[in-house]
Amino acid sequence: MKILVTICKNHIAPRFDLTIEVLIATREGKKLGTPFRTILLNRPSAEELCSLIMKEHIDTVICGGIEEKHLKYLSWKKIKVIHSVIGPYAEALKEANDNRLQSGVILSGAVSR
Amino acid sequence: MNPHNFFTLNNIAVSEILNGVPHGIAVVDTDLRLVEMNHSLESHVGCTTTAACGVFVDSILRSSLGHNNQVFHDVLESGVTVSFEGDIINKHHKKIPIQFTASPLKDHNQNTVGIHVLLEDISYLQSVDQKQCSKGCSAEIIGHSPKMQEIFDLMPVLAQTDASILITGETGTGKDMLAEEIHKRSKRSRYPFIKINCGALPESLLESELFGHVRGAFTGAVKDKPGMFRLAQDGTIFLTEIGDLPLPLQVKLLSVLDDKEFFPVGGSHKVKVDVRVIAATHRSLRELVSQGKFREDLFYRLNVLRLYLPSLKERDGDIRLLLDYFFRKINENLNKKIKGFSPKTIEILTSYTYPGNVRELRNIVEYGLNICQGRQITPENLPKYMFTPIPAMKKKAAREEKNFELPRKAHLPVADTPKQGGWTAIEKELILDALKSTRGNRSEAAKLLGWGRTTLWRKIIRHGLA
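In order, the protein sequences belong to chains A and B.
If you count by the UniProt record's numbering, then the first sequence holds residues 1 to 113, one letter each, in order.
If you count by the UniProt record's numbering, then the second sequence holds residues 1 to 466, one letter each, in order.
So here's chain B without its partners, still in its complex pose (with noise of 0.2 Å):
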């Protein structure tokens, strides 16, 4: 077979054409032997049209299409082009990623006579891809609803800048990783991070973590005690809560904040410190300004940069792509086989609304994974809280999160708030749950959960049940 031949248009050879174009390009007939390629994809596998005419073509091209070329052959049965990804191994031993796109050739009776392959490299785009992810999805913070991708596109310059930031958002958004983000690409990456709950100490306790105190200074000061804000010197503090710091505490955070010193608890001596602040709440700072319970200097020196973490509710397409990820990744932790969620669960999953945000997305996929023993996650995998209405109160006290800068949309009727306590809490709830339904019977209790009576015993006593 003369591959030059095989096709002509206006007595030019086709092959000058294909050879014009930047991609490999093979034209088999309908035997799926080759016919012609042009010089690109000679170049790729390593030898010429001459050589490899009347060859079947996946010897030839030593893609990874499978046995028989399959695909190649519903080409041809069906008429229809076809676009894949997959890759060949070229004559230097390199695996490259490639677009496969497989047209039918037809005569001009619409008989289909062979096939055109076009073969794009696509490993440029993969890398690029890779680079991409690398900046769109910052470590475990992903997303590709418009509202993150703002988010994205903001953190490198955050990073890059040295006044303190202010995160807004409801609880469970990813305040916390996000400051965490912001610091690993700053240039005070090399230095700690170090978070403080400034609403989960009291007052007194809480300035002497904050700035330390000398020995003597209280009683039980048996010794200095340097304080978070030295102990992140040239790094950053990341005061999670801020909206809970006590009102005298506050003022000594303004002083650093302006100053870059302070007094330690019972110190003479002023301590210098370079650190970066982050601060985060899930409360409306301005809304406490009125109330009096935030000092409006504070407000404005800290609301230097502000970032808001959207809710789950505003993170459009968001659900999905987050419930894949964390499906993807306790699956792989629990070692579990299971297939992923039926198309059902994907549905309450979806249009569920999610009032702990992100925490509690992963919260349920986790219970999800646990307690499925077949290959799909089904509704009856599902907590069963999700499908109680929430009350009246839990209403408003999620209104109360809401973030005063951006509006939202109404509230849907939503479920109760999650549990909070992972796996642990949700086991206790399961154990009572079936306790109640077998009206205290361990030994049916057991059954009903799938466990031996000594495991059952073992986890009531854990869980302080007994």
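The shape of chain A in the complex, shown without the other chains (with noise of 0.2 Å):
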């Protein structure tokens, strides 16, 4: 299973139609394999993000705030969109990764940026 993150700096990027960096982490088992991978985009775009996330086989997304045309044909794909979400991006893999993570949570690492 692959999940695609939307990043800034160490956080979940606040916006997925102005993220120009992702990260893709690929789960094993009940792991999730490292290292992960980064992918810097040329220019924040959300439609070229939803390209990416179907190039690459994307099964989840996890992101901050996210336009509701994006969102649905993201869902529309079938893919699982975790949006809303605040915090380290790292907090919200291991959430994830133990099927935790829901979608407006405000992590607990957020406060202590």
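Any given hint might turn out to be false.
Unchecked claim - Restraint-style ranges between C-beta atoms, simulated for each label pair: (1) B/205 / A/45: 57 to 63 Å; (2) B/443 / A/57: 56 to 62 Å; (3) B/333 / A/35: 31 to 37 Å; (4) B/443 / A/47: 45 to 51 Å.
What the hints assert, rightly or not - Residues from chain A that face chain B, not an exhaustive set, calculated with beta carbons under 7 Å: (5) 65; (6) 82; (7) 86; (8) 107.
What the hints contain is simulated information worked out from the structure, not anything from laboratory work.
The beta-carbon is built from N, C-alpha and C at its ideal position, and this holds for glycine as well.
Put the two chains together into one complex, using the hints given.
Okay, here's the thing in structure tokens:
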């Protein structure tokens, strides 16, 4: 299973459409395979990011704020989107791996960046 | 951090005051972490102050302010209030246009202790702006000057009536476009809009064109022809250069306007038509009447509603607007990457008098964009005629076009009238200039123009210069 996280430094990027860096993690069994792969995008573009998600055969996307059209598109493509997540991406990945991450959550690490 | 203890005013929690404001408000500390937000903002972002307190504000707002909130850092450093437009993504995944106003918060010692961010939802204002634009910038007619605003205000009124309209104004001011726009907004918009240039055809042909003919009316009339008036049935007929309409046809036109019926050329049966007439001219009809070249009764019949299109010189501030508009449009069409005009070019273009009005301005911008090889249009990329003083005769001709109703400012020294024919004429002139300066050496001329020798040869043939 492949998880893509939109990131900005060590945190989840506040906006899907303004993201310029993504991290891709692969879940092998119950563990996340390391090292994670990061991709720098040419420019912030929600459409190009959606294409990348499709091209990489991503199963789950973890992101911050996302527009309805992109959320619907990804859901229609049967990709699970955990959106409006605030906090460090490492913590988000850990929570996602444990199937505890939910949309709209403010992670404990968000307060002490 | 307890947000309710961060700021108090006479023991009243500031949060209570903030909640009374109908816009979103966020209070952040010097690390740009959220301290407080009001109910309005909570409803936008979908979380409470208690949950979001201490979190970096960019994560909460999901705004378009860019990475690391550079704007907020600038406010902290400079201590100056900053206002700018952007957007946020709200809890319903909608992008909301926002006017942000970030002000520094200072303590008693004038030390900046945080920032107060006001978020005004401007989606309504933007929709109003778009509506106003559709009202104030009809199709391709644009302008912000008071005189153009008067036209835009009058247009809906004129569109709703069925009376004849006389549009006057100098050449190149957009009389044709205005007529078409009035037709589009009228109840006749579903029916044809037919334009006839009264100066383009000889009298006999024009009569046949306007009113049609029956078979055998004259040599070559092998079949019935309906004529433009009948083709425009229920629609609008636009008679441009009405001042050039021959006198015998003026009588016939008058009878059409009065009785709404006419005889086609050679016909014995009257034809009834329901057509709205819009006429336009750059000449002074009143002068033509006094010279006996235009019928007074027709003048008064057409002159029911008169619209005067101001020349560019009378349109304060519109030159810059039109320059930018045509620059964007043509730059996009030509798929060029030119950034804009250099300051010196802007100075020249805004001080130029444009005897050919908007048409000339458009041609100049098109010329500049085609010639420019750099990132900015410089004075060297402007047509040479702009820098040549206008001959006295041309000035006189320009004065003759002066509208008879509104007084105009004294004619400033202007350059030659624009070359008609758009880019083709300009290109021909360029080739000639290059050939002249290289004394007819085509290889040198091609180099000068930045074209291949074959390209130059092809263009020479096309323009008939061989």
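Results of checking the hints against the structure:
1. B/205 / A/45: 57 to 63 Å: Holds, since residue 205 of chain B and residue 45 of chain A (Cβ atoms, about 58 Å apart) stay within the stated range.
2. B/443 / A/57: 56 to 62 Å: holds (58 Å)
3. B/333 / A/35: 31 to 37 Å: Given a distance of about 49 Å, which is not inside 31 to 37 Å, the answer is violated.
4. B/443 / A/47: 45 to 51 Å: holds (48 Å)
5. 65: holds (3 Å)
6. 82: violated (14 Å)
7. 86: Where the cut-off is 7 Å and the nearest Cβ of chain B is about 4 Å from residue 86 of chain A, the hint holds.
8. 107: With Cβ-Cβ at 10 Å, over 7 Å, it is violated.
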